[in-house]
Amino acid sequence: MDAILLSRLQFAAATMFHFIFVPLTLGLSVLIAGMETAYVRTGKELYLRMAKFWGKLFLINFVLGVVTGITLEFQFGTNWSRYSAYVGDIFGSLLAIEATAAFFLESTFIGVWVFGWKKLSPKAHAIVAWLVAGAGNLSAVWILIANGFMQNPLGYVIRNGRAELNDFMAVVLNPFAWQQFAHTILGAFCVAGFFVLGISAWHLARKSHEEFFNASLRIGAGVALAASILVAVQGHFHGNEVARVQPVKLAAMESHWETRANAPMYLLQIPGENGNVLEALPVPSLLSILAYNDPNAVVKGLNDVPAADRPPVAITFWAFRAMVGIGTIMPLIALFAWVKRRDIGKYPWFLKLLPWAIPLPYLGLQAGWIVAEVGRQPWIVHGLMRTSDAVSPISGGQVGFTLAAIIVLYTLLGAAGFFLAGRAVKQGPDAAR
Amino acid sequence: MLETIWFLLWGVLWAVYFALDGFDLGMGMLKPFLARDEYEKRVIYNAAGPFWDGNEVWLISAGGVTFAAFPLAYAAMFSGLYTALMLLLFALIVRGVSFEFRSKVDSPGWKALWDGCQVAGSFLPALLLGVAFANIFQGLPLDQNQVMHGGLLDLLNPYGLAGGVLFVLLFLLHGALWLSIKAEGDLRERAASTAAKLWPVLAAVIVVFLAYTWFATKLFTNYMANPALFLILLVPVGGLVMIRVWLAARRFWAAWGASAVMIIGVTLFAVVGLFPAILPSSLNPAWSLTATDAGIKASSSPLTLAIMLGVALVFVPIVIGYQFWVYKTFSAPVTREDLEY
Numbered sequence: 047m048d049a050i051l052l053s054r055l056q057f058a059a060a061t062m063f064h065f066i067f068v069p070l071t072l073g074l075s076v077l078i079a080g081m082e083t084a085y086v087r088t089g090k091e092l093y094l095r096m097a098k099f100w101g102k103l104f105l106i107n108f109v110l111g112v113v114t115g116i117t118l119e120f121q122f123g124t125n126w127s128r129y130s131a132y133v134g135d136i137f138g139s140l141l142a143i144e145a146t147a148a149f150f151l152e153s154t155f156i157g158v159w160v161f162g163w164k165k166l167s168p169k170a171h172a173i174v175a176w177l178v179a180g181a182g183n184l185s186a187v188w189i190l191i192a193n194g195f196m197q198n199p200l201g202y203v204i205r206n207g208r209a210e211l212n213d214f215m216a217v218v219l220n221p222f223a224w225q226q227f228a229h230t231i232l233g234a235f236c237v238a239g240f241f242v243l244g245i246s247a248w249h250l251a252r253k254s255h256e257e258f259f260n261a262s263l264r265i266g267a268g269v270a271l272a273a274s275i276l277v278a279v280q281g282h283f284h285g286n287e288v289a290r291v292q293p294v295k296l297a298a299m300e301s302h303w304e305t306r307a308n309a310p311m312y313l314l315q316i317p318g319e320n321g322n323v324l325e326a327l328p329v330p331s332l333l334s335i336l337a338y339n340d341p342n343a344v345v346k347g348l349n350d351v352p353a354a355d356r357p358p359v360a361i362t363f364w365a366f367r368a369m370v371g372i373g374t375i376m377p378l379i380a381l382f383a384w385v386k387r388r389d390i391g392k393y394p395w396f397l398k399l400l401p402w403a404i405p406l407p408y409l410g411l412q413a414g415w416i417v418a419e420v421g422r423q424p425w426i427v428h429g430l431m432r433t434s435d436a437v438s439p440i441s442g443g444q445v446g447f448t449l450a451a452i453i454v455l456y457t458l459l460g461a462a463g464f465f466l467a468g469r470a471v472k473q474g475p476d477a478a479r
Numbered sequence: 087m088l089e090t091i092w093f094l095l096w097g098v099l100w101a102v103y104f105a106l107d108g109f110d111l112g113m114g115m116l117k118p119f120l121a122r123d124e125y126e127k128r129v130i131y132n133a134a135g136p137f138w139d140g141n142e143v144w145l146i147s148a149g150g151v152t153f154a155a156f157p158l159a160y161a162a163m164f165s166g167l168y169t170a171l172m173l174l175l176f177a178l179i180v181r182g183v184s185f186e187f188r189s190k191v192d193s194p195g196w197k198a199l200w201d202g203c204q205v206a207g208s209f210l211p212a213l214l215l216g217v218a219f220a221n222i223f224q225g226l227p228l229d230q231n232q233v234m235h236g237g238l239l240d241l242l243n244p245y246g247l248a249g250g251v252l253f254v255l256l257f258l259l260h261g262a263l264w265l266s267i268k269a270e271g272d273l274r275e276r277a278a279s280t281a282a283k284l285w286p287v288l289a290a291v292i293v294v295f296l297a298y299t300w301f302a303t304k305l306f307t308n309y310m311a312n313p314a315l316f317l318i319l320l321v322p323v324g325g326l327v328m329i330r331v332w333l334a335a336r337r338f339w340a341a342w343g344a345s346a347v348m349i350i351g352v353t354l355f356a357v358v359g360l361f362p363a364i365l366p367s368s369l370n371p372a373w374s375l376t377a378t379d380a381g382i383k384a385s386s387s388p389l390t391l392a393i394m395l396g397v398a399l400v401f402v403p404i405v406i407g408y409q410f411w412v413y414k415t416f417s418a419p420v421t422r423e424d425l426e427y
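If you're matching them up, the sequences are chains A and B in order.
Numbering-wise, our numbering puts 84 at position 38 of the first sequence, and it's gapless, one number per residue.
Numbering-wise, our numbering puts 331 at position 245 of the second sequence, and it's gapless, one number per residue.
Check each hint, because a few of them may be wrong.
As the list claims (entries may be wrong) - Cross-link-like lysine-lysine pairs, in silico, DSS-like; alpha carbons within 30 Å at most:
1) Lys-472(A) <-> Lys-127(B)
2) Lys-169(A) <-> Lys-414(B)
3) Lys-472(A) <-> Lys-392(A)
4) Lys-414(B) <-> Lys-164(A)
5) Lys-472(A) <-> Lys-164(A)
6) Lys-190(B) <-> Lys-90(A)
Don't read these hints as lab results, they were simulated from the structure.
This one's a predicted model, so the numbers in the text were calculated from it and none came from an experiment.
Given these sequences and hints, build the entire structure.
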């Protein structure tokens, strides 16, 4: 196999694995900081125990997120050196700013958080927790501004045979980047909410530590409900931005082939790579409304795009369906949990269901990123540089070897992490360590 | 001008990375030789615990700044050293995870597994960074299209390996000195006497490496053209001497500081020798990737360099400030009471 396909697989594997851990880090860090703050304010031991129990799970997750993130920064140089040389003037500086302004803060204070329980006052420790949470989310801002440049390049000129920065504020204020940030961060809070909800329900179904997990469940239900509603509402505006900036991606998400006004959406649709295999039950104008908030709007179809410029339609289409489907189920589950939070014990079937809902937001986020990244193909920087022109001049054999190594190593580490998290969950809040 | 400033900052970032992560990598390598029981192992883990993550970010920053300020050099360096860098990454990954995972299960097999990861994950980065930098010092086979020829085995030439040995020794001594600060009793004595034994070996290797550098690289060209620069050598040499003095006086903090100064001095000596090249080409000097126009100019646009300088001037002092606070907060030796985590 050639270096380009293998490098794409390697990057996909490395990012998707990294993104199993990042969303929980982003959301749960804020919840834990909130628990510590509640402890400082009320002096209730319960909140401290909460911060420690959820903190233990947080740390197992955090370390895997950090170590897999380092691979990504290096991979731009190792596997995508032509990309790095071509847009490094802009993209590289965003990564460097992320490291200097955010990642330093997060990594320095996570050590203080872990080892500082006795050295710091509860108040100082809570401040450290907020620093870790804030820095993690600030990292996401800069990373998504960098990704936003790949989706919707702004603020550059082509000079000296590469893209050079000419308007830094345009890069930083890229509306596409901020929509993606909002969508991702709300998804991350869905992950944290359902994580706390599901694990609390698991213990409540066993009637263990009921006070502790009832309180945790309420927090989880509130966060899951708010985040899953907001992510759906905000997703609509994000979709508008995609329609405006990346009409081809939108067409692939909907497997929409003919450019037309009053574009319908089909309730039953199976996409092919050259047209739909099946389309039935049209809802008139719905696609035009969803994309442009206007029933008469013209929606560009894939037939008007050269085949070489189309993303893989089926993957984009189904990933989008998966994301939206999950986004519809999540608020319903969260709403029921929130409404019944005070006597949730009366619904043992629901307590048994909730742990199974933990993977939902994870799958939704992965599917969403497949839409974002596969839907951008064949461009690595939308409209500016093709993925095929971006790969390093390295042999397929080298990449194949490291791809295999990454898969083996990550799988083993992931299994170890999953095992440790499972143990920590079962041990409950009062385990010795 | 901006390019020159960034070239120096690039060197400073690498130097600070070596000076900080160097000691926890060194302790990771020393652990099997110094720790006699589970308690002492945990002291060594805890001596690195609050710091290693923050230290490693200096590497991320050094990589990020190479990307931001010298994108062509980043592209050529990271793709050209592909296999070596991937090995370095895997090593750093298992090392990082070992810190967090080891303590979570009370079984000898589980702990031995992560101890092994810790040792390998500390030794490989030290060795590979030394090999990589020594190869950069002597020049890499870069062609006119900034493509590097040759693979991992070509990097393992005698001078490259000498660089690897030098880095391993620098970090071993640095780690032994840190452990002399952070451990108590027997373990501290063993760490201090290990440092004392490592010192003459390192001193000898530094002398040999400098002589070898004279023949294997062009690092001394800038120095011969401007002999005043030789004063830079006083920094690493002074550091080396003061380690011995302060170690004998059992002033471990000062000795560790001298070791950090020595590491920074060694790095600066090399960076000044490299200037203006970031990646010298061994095939043709005109194909070297440089900060200025002396070869193939690898630096970013003036606007990017200016913005990045602003970012660095604001944030680097802040980072140094809070990292200093962390070192101060956790400056006391690790006690039994601390090991409850």
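Here's how the hints hold up against the structure:
1. Lys-472(A) <-> Lys-127(B): holds, 28 Å
2. Lys-169(A) <-> Lys-414(B): holds, 19 Å
3. Lys-472(A) <-> Lys-392(A): Judged against 30 Å, a Cα distance of about 22 Å means the pair holds.
4. Lys-414(B) <-> Lys-164(A): Satisfied, since the Cα-Cα distance of roughly 15 Å is no more than 30 Å.
5. Lys-472(A) <-> Lys-164(A): Answer holds: Lys-472(A) to Lys-164(A) is near 26 Å, not above 30 Å.
6. Lys-190(B) <-> Lys-90(A): holds, 27 Å
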